[in-house]
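Can you build the whole structure from these sequences, using the hints too?
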Amino acid sequence: MKRLATTSLLLIIACAYLTSGVAQDASSATVEKSAPNSDSASQAKDDGPSHWMSKKMKLSTEVFEGIASEDFEKISKSAREMKVLSKAEHFVRSNPSGYRTQLQLFRFANNELIRAANSESIESVTLAFNQLTVSCVNCHRLIRVK
Numbered sequence: 006m007k008r009l010a011t012t013s014l015l016l017i018i019a020c021a022y023l024t025s026g027v028a029q030d031a032s033s034a035t036v037e038k039s040a041p042n043s044d045s046a047s048q049a050k051d052d053g054p055s056h057w058m059s060k061k062m063k064l065s066t067e068v069f070e071g072i073a074s075e076d077f078e079k080i081s082k083s084a085r086e087m088k089v090l091s092k093a094e095h096f097v098r099s100n101p102s103g104y105r106t107q108l109q110l111f112r113f114a115n116n117e118l119i120r121a122a123n124s125e126s127i128e129s130v131t132l133a134f135n136q137l138t139v140s141c142v143n144c145h146r147l148i149r150v151k
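Just remember that my numbering sits 5 ahead of the position in the sequence shown, which is counted from 1.
Source of the hints: derived by calculation from the structure; they are not laboratory data. Do not take every clue at face value.
To be verified - The calculated DSBU-like cross-link candidates involving lysine-lysine, where the alpha carbons are at most 35 Å apart (straight line), are: (1) K60 x K79; (2) K79 x K61; (3) K61 x K82; (4) K88 x K63; (5) K61 x K92; (6) K60 x K82; (7) K82 x K92; (8) K61 x K88; (9) K92 x K60; (10) K79 x K63; (11) K79 x K92; (12) K63 x K82; (13) K60 x K88; (14) K63 x K92.
See the structure below:
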């Protein structure tokens, strides 16, 4: 029963993220249609990061800003949001070979980041963020190869 409730909650969160992305995509598409060089604008949009990746990059930037200013609350908040996002994304993404392993490494590093931020250890936060970054790079390498 608890697993069903958790799964339902994650699906609701995933829908909320997708809905916000669809709204953003629809409004940018309207602007692109009225722009003089709409072909080049839409082509650049296709080559850009996905909605999920854009959110993760924004949260990673917030973590980095938190590290630079030793704002442990900002670090913890952004890491917790990444944790929710990764759980929600897992339900809507396909799982290429090796993706689960990379996801586990990401979640481990992210949990360490939260733990380190809560203990207000800048050295531990920095190490955990480095591990998180390495897990991202390795996952993208895996996906590009496939």
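Results of checking the hints against the structure:
{"no.": "1", "hint": "K60 x K79", "verdict": "holds, 15 Å"}
{"no.": "2", "hint": "K79 x K61", "verdict": "holds, 15 Å"}
{"no.": "3", "hint": "K61 x K82", "verdict": "holds, 13 Å"}
{"no.": "4", "hint": "K88 x K63", "verdict": "holds, 14 Å"}
{"no.": "5", "hint": "K61 x K92", "verdict": "holds, 12 Å"}
{"no.": "6", "hint": "K60 x K82", "verdict": "holds, 14 Å"}
{"no.": "7", "hint": "K82 x K92", "verdict": "holds, 16 Å"}
{"no.": "8", "hint": "K61 x K88", "verdict": "holds, 10 Å"}
{"no.": "9", "hint": "K92 x K60", "verdict": "holds, 14 Å"}
{"no.": "10", "hint": "K79 x K63", "verdict": "holds, 13 Å"}
{"no.": "11", "hint": "K79 x K92", "verdict": "holds, 20 Å"}
{"no.": "12", "hint": "K63 x K82", "verdict": "holds, 13 Å"}
{"no.": "13", "hint": "K60 x K88", "verdict": "holds, 12 Å"}
{"no.": "14", "hint": "K63 x K92", "verdict": "holds, 17 Å"}
Of the numbered hints given earlier, the model fails none.
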